[in-house]
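S.K.: Please construct the entire structure, taking both the sequences and the accompanying hints into account.
There are 4 protein chains.
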Amino acid sequence: MDYVYGPGRNHLFVPGPVNIPEQVIRAMNRNNEDYRSPAVPALTKTLLEDVKKIFKTTSGTPFLIPTTGTGAWESALTNTLSPGDRIVSFLIGQFSLLWIDQQQRLNFNVDVVESEWGRGADLDILASKIAQDKDHAIKAICIVHNETATGVTNNLATVRKILDQYQHPALFLVDGVSSICALDFRMDEWGIDVALTGSQKALSLPTGLGILCASPKALEATKSAKSVRVFFDWNDYLKFYKLGTYWPYTPSIQLLYGLRAALDLVFEEGLDNVIARHARLGKATRLAVEAWGLKNCTQSEEWVSDTVTAIMVPSYIDSAEIVRRAWKRYNLSLGLGLNKVAGKVFRIGHLGNLNELQLLGCLAGVELVLRDVGYPVKLGSGVAAASAYFQNSTPLISSRI
Amino acid sequence: MDYVYGPGRNHLFVPGPVNIPEQVIRAMNRNNEDYRSPAVPALTKTLLEDVKKIFKTTSGTPFLIPTTGTGAWESALTNTLSPGDRIVSFLIGQFSLLWIDQQQRLNFNVDVVESEWGRGADLDILASKIAQDKDHAIKAICIVHNETATGVTNNLATVRKILDQYQHPALFLVDGVSSICALDFRMDEWGIDVALTGSQKALSLPTGLGILCASPKALEATKSAKSVRVFFDWNDYLKFYKLGTYWPYTPSIQLLYGLRAALDLVFEEGLDNVIARHARLGKATRLAVEAWGLKNCTQSEEWVSDTVTAIMVPSYIDSAEIVRRAWKRYNLSLGLGLNKVAGKVFRIGHLGNLNELQLLGCLAGVELVLRDVGYPVKLGSGVAAASAYFQNSTPLISSRI
Amino acid sequence: MDYVYGPGRNHLFVPGPVNIPEQVIRAMNRNNEDYRSPAVPALTKTLLEDVKKIFKTTSGTPFLIPTTGTGAWESALTNTLSPGDRIVSFLIGQFSLLWIDQQQRLNFNVDVVESEWGRGADLDILASKIAQDKDHAIKAICIVHNETATGVTNNLATVRKILDQYQHPALFLVDGVSSICALDFRMDEWGIDVALTGSQKALSLPTGLGILCASPKALEATKSAKSVRVFFDWNDYLKFYKLGTYWPYTPSIQLLYGLRAALDLVFEEGLDNVIARHARLGKATRLAVEAWGLKNCTQSEEWVSDTVTAIMVPSYIDSAEIVRRAWKRYNLSLGLGLNKVAGKVFRIGHLGNLNELQLLGCLAGVELVLRDVGYPVKLGSGVAAASAYFQNSTPLISSRI
Amino acid sequence: MDYVYGPGRNHLFVPGPVNIPEQVIRAMNRNNEDYRSPAVPALTKTLLEDVKKIFKTTSGTPFLIPTTGTGAWESALTNTLSPGDRIVSFLIGQFSLLWIDQQQRLNFNVDVVESEWGRGADLDILASKIAQDKDHAIKAICIVHNETATGVTNNLATVRKILDQYQHPALFLVDGVSSICALDFRMDEWGIDVALTGSQKALSLPTGLGILCASPKALEATKSAKSVRVFFDWNDYLKFYKLGTYWPYTPSIQLLYGLRAALDLVFEEGLDNVIARHARLGKATRLAVEAWGLKNCTQSEEWVSDTVTAIMVPSYIDSAEIVRRAWKRYNLSLGLGLNKVAGKVFRIGHLGNLNELQLLGCLAGVELVLRDVGYPVKLGSGVAAASAYFQNSTPLISSRI
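Protein chains in written order, with full-length UniProt numbering: chain W, 1 to 401; chain Z, 1 to 401; chain F, 1 to 401; chain V, 1 to 401.
Derived from the structure by calculation, the hints contain no laboratory data. Please note that the accuracy of each hint is not assured.
Stated by the list, open to error - Quick list of the computed label-pair ranges, beta carbon to beta carbon:
| # | chain 1 | residue 1 | chain 2 | residue 2 | range |
| --- | --- | --- | --- | --- | --- |
| 1 | W | E268 | Z | E301 | 54 to 62 Å |
| 2 | W | T46 | F | K223 | 49 to 57 Å |
| 3 | W | S82 | Z | N339 | 46 to 54 Å |
| 4 | W | E268 | F | Q167 | 53 to 61 Å |
| 5 | V | E49 | F | K283 | 44 to 52 Å |
| 6 | Z | Q167 | W | S82 | 38 to 46 Å |
| 7 | Z | A42 | V | D50 | 21 to 29 Å |
| 8 | V | L243 | F | T245 | 35 to 43 Å |
| 9 | F | P395 | W | F240 | 50 to 58 Å |
| 10 | Z | S393 | F | K283 | 28 to 36 Å |
To be verified - Straight-line alpha carbon distances no greater than 25 Å define the calculated DSS-like cross-link-like pairs of lysine-lysine that follow:
| # | chain 1 | residue 1 | chain 2 | residue 2 |
| --- | --- | --- | --- | --- |
| 11 | F | K344 | V | K242 |
| 12 | Z | K344 | W | K239 |
| 13 | Z | K378 | F | K378 |
| 14 | Z | K344 | W | K242 |
| 15 | W | K378 | V | K378 |
| 16 | W | K340 | Z | K239 |
| 17 | V | K340 | F | K239 |
| 18 | V | K344 | V | K295 |
Said to hold, decoys possible - Coverage of chain V stretches by chain Z, computed from C-beta distances (three or more under 8 Å per stretch; other residues unrestricted):
| # | region |
| --- | --- |
| 19 | 149–160 |
| 20 | 263–269 |
Just so you know, these numbers come straight off a predicted model, no measurement behind them. We put the CB at the ideal spot given by N, CA and C, even for glycine.
M.R.: If you want it as structure tokens, here you go:
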């Protein structure tokens with residue numbers, strides 16, 4: 001069953017699915033259980049309460065849906081909007097593209113604001129659209145917080161500011177798939193109406209849970225939302241929340257216990273420390289890229305991402321060959337360039353339960369691969385740049401002081 | 001994290017999620033992997049090929065969707081039908097009711113054929129509807145093969161016969177959630193267009209995979225099906241099948257390896273032996289019920305189910321109390337009576353990776369609980385009846401001869 | 001790697017190794033760790049403290065030795081005695097025989113007190129030997145608390161009483177392999193000098209830890225004990241206890257975390273409840289044996305064992321065939337008759353993390369096997385007898401009330 | 001239960017216990033089994049046959065003893081020698097010291113040949129002793145193949161040559177704890193009489209198996225060996241080998257399945273490739289040490305070890321502080337300096353299931369720690385030196401070509 005065994009540990013640096021900590025693997029190592037016994041609701045109650053903390057919301061209502069990020073998107077849209085509704089959506093890379101594709105196939109009237117790949121959402125255009133939309137035809141703003149294809153983080157606070165400035169009632173829907181629990185994210189403070197992530201990203205679980213929080217306004221919107229939905233219908237969940245049994249259909253027992261363990265690890269480290277760790281890993285990666293003389297796909301410092309770095313390669317190199325070779329020779333899994341940047345970028349995911357030395361091992365591996373494919377990087381240069389930064393920024397592990 | 005620890009093993013006899021064999025738990029005990037590496041497609045290819053065998057189809061196209069049975073239902077309907085389409089659907093218990101509810105919310109024109117709970121689908125009515133439907137307004141027949149709430153197995157061969165008799169082109173959509181890989185199921189022979197199950201049932205995995213097979217006719221129907229779908233859209237899968245990368249979005253690596261192990265176990269035992277084992281477990285359970293002087297909710301032998309038995313309790317007993325007490329005193333998980341039969345029946349699930357002595361332990365437990373709640377069962381009577389049957393029917397374990 | 005796969009769960013009823021609870025399997029599911037980091041001593045400290053509780057000692061010094069029960073025996077003897085020392089030892093079955101064999105090979109002068117297999121240690125003879133031993137030539141009394149081969153539990157309190165009566169200073173060494181953490185065991189109260197068990201018995205772990213406690217008197221004896229020992233030398237442990245690093249050589253990290261989990265489960269249930277549960281399982285088994293019309297190998301009620309029952313079969317049956325057939329047809333693992341009782345008895349182990357319905361499943365299986373081999377047992381009779389007892393004696397699971 | 005949680009993976013670079021591959025962790029993730037069923041002997045048979053391959057012996061007899069390396073030592077000595085026997089033993093570091101301590105406590109007449117720590121066994125002295133020993137008073141040569149405390153590999157072929165030159169019949173006993181399955185080791189070719197290792201070293205399992213092979217001459221020696229032994233007595237094993245049940249006492253089922261998986265991985269990679277990989281990791285580590293301007297504790301190239309490198313630190317640095325800080329700040333586990341070299345060296349273990357990027361991550365971490373403690377290493381320098389070597393020497397992963 002190991003089609004492709006290599007000695008030693010796989011170095012998993014795709015931007016999802018990410019490394020699962022042993023504590024979570026252990027928690028999931030179990031038989032099924034009757035989800036209608038008192039045990040599962042008792043567990044679920046703690047999960048729903050605690051998952052809100054990683055969204056930084058107290059007023060939101062959480063949903064743990066047995067699906068992927070794509071399903072979570074669909075859930076966010078269909079529960080709050082009606083076919084034909086005008087929404088503003090930002091196209092800045094492959095994942096925002098896919099979400100927009102979904103929005104269009106769900107029959108919304110999508111007003112696409114496109115940026116060059118490598119740039120963030122054009123919020124000036126948003127401001128002008130909002131300013132002009134006196135009669136509030138725009139029903140929702142859809143934005144990917146962190147575009148995983150290009151390593152671009154958008155400024156959500158500014159979106160809120162724009163909406164507030166014009167007292168515009170549009171719903172604010174945010175894909176936080178590669179940001180929540182890794183980047184600074186403040187659902188309540190930023191007035192986000194639906195935020196969502198997937199279990200296999202910063203939470204460091206297997207794929208299988210779409211995790212959403214809905215603001216009171218989003219819940220109110222469900223009453224008039226005419227999009228057809230059944231599996232993804234929040235009302236079915238809300239009905240079972242009231243009954244105290246929580247689940248309209250069978251959840252994965254293993255993922256529930258896994259989520260419990262994952263949240264426990266986040267709280268043990270401290271959410272703000274988790275975010276600071278990601279900032280450290282992101283900065284160190286960018287310093288390595290610079291030391292290698294390569295360009296970050298992200299065109300400006302204001303958008304750099306602390307969870308994934310997309311790295312431009314010279315035109316004489318096929319970035320896909322970097323990914324292939326990393327896997328074939330060094331047991332290193334890197335992210336491909338997707339769509340418009342296929343062949344042009346490769347990506348390092350640095351999110352989830354990950355530490356400094358793991359990243360340095362990855363960077364050392366990237367240096368080897370770069371030379372393998374003909375780019376004359378100085379061995380050790382990226383590692384040195386990242387290390388110098390780590391030396392000054394890495395705290396002692398708090399449980400070991 | 002163990003809210004409700006009890007010594008010894010939990011005796012899990014709800015009709016899903018069911019016991020996971022150690023081999024499958026082991027196979028899933030792993031870190032995430034890059035699903036875009038060559039390893040995951042190589043694995044997926046074997047899964048898609050092998051999963052068809054448990055549906056007994058060679059012409060069908062399989063889909064492994066990260067969802068539950070409810071999602072699999074939605075996938076079957078939305079990919080093949082358009083809003084307003086007339087479908088015939090049979091209401092015989094809670095799960096057929098839920099599917100009908102979904103069909104109605106998806107805006108199909110559902111022609112509900114209701115039977116008393118405990119009886120099978122009324123196929124005479126189907127025959128008459130089909131006979132009358134000269135202009136083929138009926139686009140699909142939707143039927144639950146095994147109604148898990150009442151322990152009723154419908155006769156799919158007869159459905160096919162009726163359609164063939166009138167050369168009616170309606171699609172034949174089958175919920176095989178509690179039947180596939182446990183009961184006799186023949187997708188190709190019975191001309192089923194979409195059949196589906198969930199990973200947590202007879203395949204004995206965690207929840208998380210909706211597993212479907214679509215006939216060529218069903219695939220053809222996707223082209224004209226106007227139901228809105230994105231997450232559940234088969235075409236997205238088919239596109240990636242052609243690319244050889246297989247996954248339109250992130251699968252659960254763990255469930256893929258788990259499914260590989262689960263299928264290996266089924267093939268090692270032999271699918272027909274698996275089905276024979278379920279027949280043995282079902283028959284033994286019914287003999288115990290008879291010995292206890294209780295009635296099977298299933299009203300006639302023609303519909304008895306070999307995966308779940310719903311047992312009627314005398315009116316002076318609340319069946320929910322049986323379930324509660326089984327769990328509280330004997331670490332035994334039984335199924336509740338649902339909806340119309342709430343309080344009136346309790347259920348024993350006897351499907352998945354389960355053997356004779358596990359069932360006898362359960363039956364002994366049920367006897368204890370029955371007495372606990374005031375029903376004067378003779379201790380050992382059900383066990384003796386089931387054992388007598390096992391004595392004559394249980395083969396030697398083939399690997400141990 | 002599954003040479004002998006059978007569907008469903010293996011029913012493990014040998015008297016060791018026993019079923020491991022999921023909580024313990026989970027705790028052991030981990031990578032190695034540096035045992036010289038601060039984490040392992042911190043863990044070890046809690047284990048040494050807590051393991052004393054299952055011996056009911058406060059004054060004893062515990063040792064966790066990477067070995068089996070056989071090694072634990074050797075450790076007990078060589079640390080406290082010198083070659084040529086006279087010891088009194090009781091031969092009542094295969095395990096006491098093996099210990100005596102070891103004692104002789106270690107060059108002690110073993111005064112063997114033999115009983116018929118099925119009877120307990122002859123403590124009258126002990127009393128007379130002690131009475132006569134005015135000059136205290138007897139250096140130690142070695143006794144197996146529970147003889148696993150015959151299901152005989154010796155009376156340790158009486159041994160103590162005899163020694164006290166004559167103020168005899170002999171060391172009191174006890175094999176508690178199949179008793180500690182299952183039967184009533186009181187190291188301090190009974191003045192036991194060395195008591196020992198193995199991890200794979202009532203503690204429900206894998207094999208690999210010999211667990212001992214030594215009284216202050218036993219520790220004092222190490223100073224004059226001339227038996228050659230290195231690997232098993234307690235002084236090497238004591239040296240590292242003082243250093244606070246605890247381990248003279250590499251421990252199994254997995255077993256340490258497993259032991260932590262196992263102890264946690266014992267304390268959560270309550271040690272006295274654990275012992276009461278074993279009493280319940282033992283009594284129920286004996287009632288089943290009686291109902292089958294078979295004889296317990298244990299010849300008198302005073303010696304019956306609550307952890308293992310050895311059952312005599314009629315002379316026309318080979319008990320080994322029962323064990324073989326149980327495994328081949330019902331996935332049931334029973335214990336063979338050993339040595340003098342080979343072919344004449346088979347054994348049911350009912351110790352460790354086990355509950356009532358598991359045992360009833362086993363008893364139902366034994367009934368089937370008995371009929372398979374030609375013994376005309378009435379199906380359900382043993383189950384009924386055991387169930388009737390359970391009905392009156394089984395408490396609600398405390399965490400579920 | 002995680003006293004000292006840190007985010008991300010622990011970087012385990014002590015020279016044992018080492019990282020366990022996921023495949024082995026999975027194989028061990030299981031309940032106990034009856035070791036007297038036909039399954040366990042069938043498994044054991046394959047293990048005994050296959051374990052010989054990693055010793056490169058066809059004539060040897062293997063023993064899998066539930067113990068540690070210390071126990072394996074004792075087993076090797078007591079089965080082949082008698083108290084008072086003269087043996088030549090080499091003191092070159094902490095582990096050879098401990099073995100000599102054991103030899104003395106077992107009452108052998110140990111002729112200790114001491115070298116400065118950091119140098120190999122003085123084989124010239126051996127040659128002269130052998131030359132003078134005309135009457136063959138020397139019964140055994142005991143040598144540690146790879147001294148784990150100093151990173152020194154002795155030349156076993158030369159030992160054999162010396163014995164052959166003088167046709168000396170002394171037994172040749174080898175501690176291969178940190179060499180077998182990692183370094184070039186040829187039991188038959190080098191005429192080794194007893195070779196031994198522990199499961200937690202290059203085989204990458206948990207602690208718990210002492211693995212030995214004995215030559216026919218060693219087995220012959222057991223007949224006259226008068227050392228007292230029971231638990232470690234090979235004859236008890238041989239008796240059960242003949243019976244085909246293999247185990248004189250209870251083995252760890254988990255370790256047996258784990259060993260099966262570990263051997264499968266070794267054979268899949270190819271033993272010679274495993275050895276070449278260790279050579280690569282060792283060389284790269286030494287190049288890094290050189291680049292850092294530090295000295296290898298090993299004083300000459302002829303003795304360098306490919307499984308562990310002991311690194312001297314300047315006198316103004318306490319090497320224990322390096323180990324402490326690595327763990328506290330970077331989740332990196334390094335080996336302490338022991339005994340004579342305490343405070344003066346720290347150690348990097350690079351053995352077992354480990355790959356190039358894992359080592360580079362470790363080296364990057366060591367650079368950080370060195371600077372933390374005040375040694376002015378140039379960041380990236382060691383990584384660069386090791387990487388340059390890897391670039392030229394690392395093959396593609398054979399299963400991925």
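S.K.: Mind listing which of the numbered hints don't hold for this structure, in increasing order?
M.R.: The structure conflicts with hints 3, 9, 19 and 20, although it agrees with all the remaining ones.
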